[in-house]
Every structure is written in C-alpha cells, then in structure tokens.
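There are 2 protein chains.
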Amino acid sequence: MSIKKEENGSMRLRWPIEDIVAFAKRYAITHGLLCLIPDNLDQATIVPFSLYPSPYSYSHFKFIWSIQTAYNRLYNRISLDDEILEKALSPVIPLDDFVERLWKLHRNCKRRQSIQLDIYRNDYMLDTKVDKMRQIEFNTISSAFAGLTGIVADLHKAILHYGIENCHVRELKLDEKYEKSSTIDLILPNEALKKSAEAMIKAFELYNNENACILFIIVPNERNVCDQNALIDEIQKLKPNIHFHLKTFEQLTNELLYDEKTFNIYLKSSYDEIAIVYYRAGYIPDHYINEKCWLIREYIEQSRAIKCPTIRSQLAGCKIVQAYLTNENIIEKYINNKNLSKNIRSTFASMFAFDNNQTREKYINLLRQNPNGYVLKPNREGGGNNKYDDEILKLIENKENHLNSYIAMEKILPPKCTTCLIKPNGKHLLHVECINEIGIYGTMVTNVDTNEEYINDVIGYLVRTKTTDTNEGGVATGYSVLDCLDVSQNNNELSKIFSQEL
Amino acid sequence: MSIKKEENGSMRLRWPIEDIVAFAKRYAITHGLLCLIPDNLDQATIVPFSLYPSPYSYSHFKFIWSIQTAYNRLYNRISLDDEILEKALSPVIPLDDFVERLWKLHRNCKRRQSIQLDIYRNDYMLDTKVDKMRQIEFNTISSAFAGLTGIVADLHKAILHYGIENCHVRELKLDEKYEKSSTIDLILPNEALKKSAEAMIKAFELYNNENACILFIIVPNERNVCDQNALIDEIQKLKPNIHFHLKTFEQLTNELLYDEKTFNIYLKSSYDEIAIVYYRAGYIPDHYINEKCWLIREYIEQSRAIKCPTIRSQLAGCKIVQAYLTNENIIEKYINNKNLSKNIRSTFASMFAFDNNQTREKYINLLRQNPNGYVLKPNREGGGNNKYDDEILKLIENKENHLNSYIAMEKILPPKCTTCLIKPNGKHLLHVECINEIGIYGTMVTNVDTNEEYINDVIGYLVRTKTTDTNEGGVATGYSVLDCLDVSQNNNELSKIFSQEL
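Same order as they appear, the protein sequences are chains P and Z. The first sequence: position 433 = 433 (the UniProt record's numbering), numbered continuously. The second sequence: position 21 = 21 (the UniProt record's numbering), numbered continuously.
Simulated from the structure, these hints should not be mistaken for laboratory data. It cannot be assumed that every hint is accurate.
Unchecked claim - Lysine-lysine pairs mimicking DSBU-like chemistry, simulated, CA-CA at most 30 angstroms apart: (1) P:LYS237 x Z:LYS423; (2) Z:LYS132 x P:LYS157; (3) Z:LYS411 x P:LYS237; (4) Z:LYS62 x Z:LYS132; (5) Z:LYS194 x P:LYS194; (6) P:LYS261 x P:LYS110; (7) Z:LYS268 x P:LYS423; (8) Z:LYS394 x Z:LYS423; (9) Z:LYS268 x Z:LYS342.
The task is simple: from the sequences and hints, build the whole structure.
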C-alpha cells in the first residue's frame, strides 16, 4: 500500500463536515458560547452561531466604524437635550405608558452625578438598493453580546485553522492599510469586551471611592449569563479589587439603601456603596413587576451613582427619536463637522411616524401603494413584533388608529450570502441563504456638566446572521445566529469550499 | 439615615450564601466546568464541585508530590518488564477476558516506536489510622480531569475574593519555602493541563514529522468534552500548527489506514499521518464494540505511532499489578535509592489477592474476622463496583470462587472535613461531612530502548471530595465533586465562616 497526500496550495476541507460541526459545538461549549436552558439554570446550551465568517465589504464596514465616535457624541448630546427629547417623544408619550413613565421619572429627578457612562450598539444593514449602510436601530441600554462576539471570532479562526487545508487567517486592524490579498482571509479583531470593561473602570475611578462596587441589575432567571459574566471577568482581570453585585429589581426592593442626605446608594447585606449601576434589565415594562421596582429605579436615578444608562440616555434610544433625527437640521445642531453629519445622515433610512396630521394621510398612502417597501416597527426594545407586507395593509384597514404606536421604516435589501447555521438540538441549517446585520459598539465616559469626554471610542462589532426567509431578528429568540466577517478579496471562497462537501 | 460599614479585619461572607452559590454556578458555566447531558450533546450541565477549598495537610501533600517522579519511573519500568508483568497478571489472565486479550495483543505486537509517552494520575487518601498517605490506584490510561482541575482552583479563588470580606488568597508554589501564616489562605497551583500538553508536544517533536497529527480516541457520545478540549486548546496555544483528530474506535474502522511497509498509520479523509494516539477510550471491554475495533487497537499498537499509553503501560495499571508490587523486593529492583523506595512503599496499603493456594485461606479468614477493615476492588478501571462490609461476607459464603476477580485492600480512614457540594439541578449539599481523595499527575516521555528520560515530571493534582456516607467514588458517576486544597495553618476557618450563614 502506498499512501500519498495531495500537495497543492488550494483550500479544501480537512475534516468531513460532520466532524467540523462536532468540533464547533465542543468549542462553543468549552469556551462559554452558551446560554442557560429555560427552567433549568444549571444547564446550558450553545448560543446559535455560523460555521464560518460571512463575506462582507471592507469599505462599508470601515465606513460605519469611522462614524461611530460621532454617533456616540450625537446620542450623548441628544440625551442631554431635554427640549429635543421632549419634542421627539411627545407623540408617543400619550400612547405609551412605559415611555411616559420613564419621561416623568427623568423630569422629576435632580441630577447629582455629572459623570455619564454609556455603552452603545449601533445596528446596521447594507442596503443593496443604494449600496449604503443603513441604520436599523441605536441601542443605548443593555447592549448585549459584547461578551460573546469575540468567542465566535476565535471559534471561526479555530475552524479555519484546523478544518481547512491551506487556509491562512490574517486579522486585520481597522487602522492598518488594507492590503488586498487573494489567499489570506481577513477577520476583523474585536475589543468590544475589553473596552466595555475599560469604560466601566474609568467611570468607577471617576466616582472616586475605591471601596464602592458595581451593581449589575439583571432579569430573574437570566439566560444570557455567559455574555454578562464575561464582562465581570474582564473587569476583574483589569482591576481585581472592584467588587460587584448582581441583583434583580425585586431583590433590590429589599436590599437597596438610599441615603437621602448624601444621595449615596448602598446594598444592605454588605453596606457596599454603589458606584455604577449597569442595567441588563429595565428596558421593557415587564421588568418592573410592581411599584416598588419603579421606586428602585427612581432611587437609583436620583442617586449619586453613575448609571449605565441614565433614563435620559435610555429615552434617546427610542425609535421615535431615531425617526425624529431624520428631520432636517436636527443632527447638524450637534455635529459641527459637515462631512461627519453628512455621513451620519447617509445611514438614515427613510422613516416616518403618523403623529402629524399634515403628513399622516400622505404616509398612509405611501404604505398602501407599496406595503412591501416598508417595515412597521413598534416603538419598543426587544424585537419580534414588526409588521410586514399584508399585515401592514390589514393594520391600515382595520386598526388605523394603532398606527401611531409604530414607526415606518423603508425596507432594507441586504446582500445575500450562503452559510451554515449551527443551532442547538441538532437543528443545523447547512448552506442556506442568509443576510447579515452588523452592530458597532461604542463607549462614552463624559462629564455632562463640562462636556469633557474622558472616553469616546469605537470598540468592536457584532454580526448577526439569519436566513432570508425570516423577517424577525434576535439571537435570544432563535432567529439569528452570531457570526463574524471575512473581508478578503475572494471572500466567497469559504462558502464554495463548504458547499463541495455536499 | 446614616450608613456605616463595619471595618474590622476578620473574614466574613460578603454575599448571602445563595448569591455565592449562584455566582459559583455562573462561573462554572462560563468557564467550561461542564459536561454534556446524556442524550443531548448540544446541552451541558455543571460538573459537581465544592464551594470552597478543603483543608489539607501541607506536609502530606508535599510528600506525595515529592515521590511522584520516582513513581513515574517505577511504572514506566514495570511496563517494560515483561517478566514482572506476566508474573503479576498471570492469576487474572485466566479469569479476565479483557486483560487476557490485552496481554496477548501486547505479546503479538512488535515494538516499532522507541518513544513512549505516559500521562499518569496517582490517587491517594490520607489514612488517619497511621497518619500516612495511602495509594488508592495508579492510573496509566485516560487520566481524566487535568483540564478541569485548574478551573476549580480559579473558581475557588474568585469565590474567596468576591464572596468573603478580608480574605487574602496566596498561591503557594511547591518548591517555595512554606511560610506559616495565620491570615492568608494558601492554594496550591496546578499545571496539570499545561504540562500534559507540553509532554504531548515533546513526544510529537520526537516523532519528527511536523505534518503529522495527534489522534484522540474517544468514546461515542463522550460527555467529558470540556476536559478533553482543554487539552486540545492548550496544545494549540503552545504549538498552533499541530493538527488533531477525534475519532471513536468504530469510526476508525472505516478511516484508519495502516501501511504495512512503513508501519505508519494515517487517516483516510485527510491522509494525515498519526504521530500520537491519545486514548480517552479503550480501558473497558465495552469500548470495543466489535472485532474490527480490536483490530484497530492492534494496528495502532504495532504501528510507529507513539501511544499514550501503550498496551504494556495500560496493563501496568491493573490493580493486580498494584497488589503484586506490595510484595517484598519488587519495587527495590527498579528504584535504586533506598529512601525513595521506602517512601513509595510507605504509601502501599495492605493488599492481597486470592490466587495463591498457600495464602488464600489465611486472607479469607482475615476478611471474615474483620470485613469492615477491607474493601474488595474488581481488577478493572471505572469504579462503582467495590464490595464492602456485609457484601464481602456474602461473597465469601455464596460465591467464594468469585474472590479471584477481586483485590482486597485495607480500608483507608481519611480525615473528615465539612464543606458545601454543588451539584446540578439544585442538588446542593451545604455543610456536609466529607472526605478527600488526592490525585497527583505525572508525565513521562522516554526512549525505552536507551532509557533516556526526556520528561519525567510531577505536574499537578486533582482533588475529589465526597460525603462520608457514600462508599463509591467518581465525578462522572455523581458521587464525587471536584475540589482544591487550602493548606494554610488555620484551614478550618472557611468552613466556620460558611457555617455562620446557616
């Protein structure tokens, strides 16, 4: 018997596809790419992910990266501008108890902390109609997945390294000159986790009590614990002496102490003073299960603690504010640089609300004529409740007065790619047609009284990929999977190599 | 309201115990202290662990550490001594098909690789009857948990750091002078994972084909994947260009190529030449589901690949060999240093087999008179089938001829400690009486023709803790939990602090 190994330079799978899938799952489980199983907090399952990075346009990615610090500043300034916030929110306040309550809370609280900490995530899709990146939404509260997105990149690197013969992976830095290469795949590096931790630590230092702690407010039976714990670990790695606590709003009703003289807040069990309140809960009404929970939010808001985010910053993330910003001369008020404001404006999809009697009929007609050209989005976080196509027509015919609860957004037509989606319980989707949504993370630590920017940074990215046959998004809801990007010149190669296997 | 924090130097819990348990579980899930759930390989659950390190005697630990390299050499030499192996195994060969088959396979295979790689784990308990460490067993195949034991130490450090006020943890190095301290806890560091990887890499380099790969032989539906993947990751970190494959015996029946001219073995899919075969399967008959699987084992054994372990090394780990070594002047043949051989001998519990007609009746009488003083252990890996107390008497009365399948070992009476055991699905055991079993990992890379020792090292340890009301062991079987050690002077403090909470 004579055994010969083919020796040519072209890429090909080294393992059969089922071994690659098995390896990928073992990697995911070993490296904490996990979420808990509902109803059993001692068991975890893999967070859905793609088997290899999706091809993407380097220039478009670089573009949204380049405008993020201006976007950070824009949203920071909007959150501080009560006049604009009120104007933008006013049509929604009478319709939406939750927004109304947040708004009133904000108006009743006196600011006692000039340091503001924000961790943003700005979500985009590439619109092939105009070959431009279009903003989907701007998240100002609980910007998730910074702790997991880096694991997916590492997973992809391991798969390409082990699973594919003659595959060389290069990590491209955004500030490096892009050298075109036909043989090397480029995956962008991701510092979302590390720099989120650094922003928190900077804010902690500005609070100026090294014995104080960081409070994570979480939902009961939180499933996305690996994502959150990664942030805790990263803080611990950089600054081991910062203590932290994880509490639900309901737990805090028994455990939070509010000192009306100093405006400090403490935790009863340890008497730890709270320097930073980091919200991974509080963005939907269900998180406040009773009035006491609302009282906790109020105590925190009017305390000296640094809030991530403040209520005003949370409100700035409402979709109605996003729609309001598309009006002329709004963003130009905050962004002095014409080029930057033009670039930011270029990411605005056409959006409209139905609160203005002068324009309402015009917009309804636009929807009637072209219902497939728009998406109706509720003015809420969470996803999963958008209206499309016939649903839009039905809403107009039967419940026209409900339109005010929605924002209409021009439908984005992102480019399609073919990939393999790995979901738990053996529900793989091999070689399916998909689209990508890109989130850019940004951090800000500012003194809102002096306008000093201690940190204004673009720190990393999130890629979520879903099949083209689903309208809905969301990794937690099972529609999307986590992914990363291949921006090399021949970035359709990987898809071809994996397809050969079938 | 005035809020004051008590400021004294004594240790106390910073979090309520339920928060500490919740934190510990989140940490375990995030850091891969996990095993798969039976029947769902996409879901994982926490590997049982203790909430804080168990108190232990530093001098006893240091003693077993100090003799491990001599132990490594002893077992390495025994594995190479066919005469001794045959003498020791001869009573079992007629009784045990599995041992017989391994023995015959070994005798029929010609050695074509002079490099031998061994990863051992030597398990002990402290016997309070004599205040000495006593060997429980010496593992030569599939020495598990090197990948997880370090995570437990990190978990304990995190719990002590975050969860306990005024708690300072110091990591003691075994070669450092031990400075007694009443305020600092000492936890021994663990390099079991890193140095296992280093031994594999050294063997790989000695095989001398950088394009070859490492083959992990695993069981179907392997649950302990995080432990195994940790080793792969560690190898990858140290030597990224080594490729590896994971296969079951059954998969190999289709995929292994054996070249009868060169005695090389390959994998069909990639034509990767196999430099090292690392067995995480093959230690019980059930792993060989058909004759083809046995043929695979034979091909590998007679190939040029470096086996971890060889069949001869696997056979040296049989309990009957362990019993045989307690006979006079056996170990002295391999260990020239009188002090070392005396020290090794001091770890031998009284053991006997029933194969010798001259002594059989005497030993049966010993058991009859004092059944509580002995344990009967089957001559097999795996655990869970020992006989105790009345079971021993029943066996003697009803099935005396079965005795030959067992080794009798004097019962060890380890010291008791109080700790908190965290098991999945909410089955915590808080403040229960427990005993500890300590495993010391050793690695060897040798040239068995020249006796050159490239590596002979003691690399780390495993601590398994179980309640005193269970006779059986095994983490995978749910009896034991992973643990680590506190060897500080006042090492009962932690137990007191955690008890105060109740």
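Hint consistency between LYS62 (chain Z) and LYS132 (chain Z) [alpha-carbon to alpha-carbon, up to 30 angstroms]:
It holds: about 12 angstroms lies between the C-alpha atoms, which stays within 30 angstroms.
Proposed proximity, LYS110 (chain P) with LYS261 (chain P) (alpha carbon, max 30 angstroms)
Measuring from Cα to Cα gives roughly 14 angstroms; hence the hint holds.
Is the straight-line distance between the alpha-carbon of LYS411 (chain Z) and that of LYS237 (chain P) 30 angstroms or less?
With Cα atoms ~45 angstroms apart, LYS411 (chain Z) and LYS237 (chain P) exceed 30 angstroms; violated.
Please work out if LYS268 (chain Z) and LYS423 (chain P) have their alpha carbons no farther apart than 30 angstroms.
29 angstroms, holds
Check the hint pairing LYS194 (chain Z) with LYS194 (chain P) against an upper bound of 30 angstroms on the C-alpha distance.
Holds, at about 25 angstroms.
Assess, step by step, whether the Cα of LYS132 (chain Z) is no farther than 30 angstroms from the Cα of LYS157 (chain P), and give holds or violated.
50 angstroms, violated
Hint consistency between LYS394 (chain Z) and LYS423 (chain Z) [alpha-carbon to alpha-carbon, up to 30 angstroms]:
Violated, at about 34 angstroms.
Is the hinted pair LYS268 (chain Z) and LYS342 (chain Z) satisfied, with a Cα-Cα distance of at most 30 angstroms?
Not OK: LYS268 (chain Z) and LYS342 (chain Z) at ~50 angstroms, beyond 30 angstroms, violated.
Would you check the hint for LYS237 (chain P) and LYS423 (chain Z), treating anything up to 30 angstroms between C-alpha atoms as holding?
At roughly 27 angstroms apart (the allowed maximum being 30 angstroms), LYS423 (chain Z) and LYS237 (chain P) satisfy the hint.
Going down the numbered hints, you'll see the structure goes against 2, 3, 8, 9, while the others check out.
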